[in-house]
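Colleague: Letter by letter, the sequence shown follows residues 1 to 290 of full-length UniProt numbering.
Honestly, the hints are just simulated from the structure, not real lab data.
Keep in mind that a hint or two might mislead.
Keeping only pairs whose Cα atoms sit at most 20 Å apart, straight-line, the calculated DMTMM-like set for lysine to aspartate or glutamate is [stated by the list, open to error]:
no.: 1; residue 1: Lys12; residue 2: Asp43
no.: 2; residue 1: Lys93; residue 2: Asp67
no.: 3; residue 1: Lys93; residue 2: Glu121
no.: 4; residue 1: Lys234; residue 2: Glu190
no.: 5; residue 1: Lys12; residue 2: Asp67
no.: 6; residue 1: Lys12; residue 2: Asp39
Ranges between beta-carbon positions, derived for each pair [claimed, not checked]:
no.: 7; residue 1: Arg215; residue 2: Ala186; range: 16 to 26 Å
no.: 8; residue 1: Val65; residue 2: Asn260; range: 20 to 30 Å
no.: 9; residue 1: Asn260; residue 2: Lys93; range: 30 to 40 Å
Cβ coordinates follow ideal geometry from the N, Cα and C atoms, glycine included.
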Amino acid sequence: MSETRFFVRASKEEVGRIFALWDAAFEDEGAPVGMREIDEAADLHEVSIYFDDAEGDREAEVAAVLDAPLRARLEREAIPETDWMKQVLAELKPVRAGRFVVHGAHDRSVVRPNDLSIEIEAGQAFGTGHHGTTAGCLDMIDRIVRRRRPGNVLDLGTGTAVLAIGAAKLARVPVLATDIDPVAIAVARENIANNRVAGLVTAEVATGMSGAAIRRRAPFDLVVANILAGPLAKLAPAVARSLAPSGDVVLSGILVRQRNAVLAAYRDQHLYHRATITRGDWVTLHLKRG
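Let the sequences and hints guide you as you build the complete structure.
Modeller: See below:
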């Protein structure tokens, strides 16, 4: 929604007086009021108040609140509606992890001939590749597939489906992508179609490992779960049951200090540590039987 900003530029004393009056008068409706310094040497400061345009023209009310004639002019500025999510994505740089490059549509030119391109736009679900856990998972998937191509993959807690898309493009095998959030699944399906892997990736709503689609498709040669350490530990028995005898597990959403606790939960299920990737404060784990 577009906004209008009313503002006055005056001395620090005058701006402070206006700030107090506007803040008190419009406190109940939560209109934002702010001050900033423009030129300290010239004693020039600015006070602003913001209103949604849907509320109508508020200039007369803003002026009426002032209890003395202004020694400066009350001005106004129209602030157009901004798609902040799109603007943030436009400022994000492409992410490289293994053979993958994750990018938005505005960065298609960065894709090189041998890259595996994953195009993800800003949406309503987590996972544009810029978080250390997502990039770590992509890197780990690349390492695993270089050694052994899985035949059946599960991406648990798929979010935008970036990991499911990556696994499908790399291994060219069926991938089941699940999430507890229907909104995430809607975003995932759009991304799957945009990345032209709809013939390989199926996205379904499921809670944990209990979904009917998971039961139908198990056992899996590769399970990837980028969620949080607590849920990952609780899911260890169910993940182990769904895994093929020689299957691989990739886990992330785990802080460095949580690594040992998660490893212990999976060790109890006879799934053992093979590798760790650390990106910032986050780790990605590769586990395997025996």
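Colleague: Could you tell me which of the numbered hints above are not met by this structure, giving the numbers in increasing order?
Modeller: Result: hints 2, 4 and 8 break, sorted rising.
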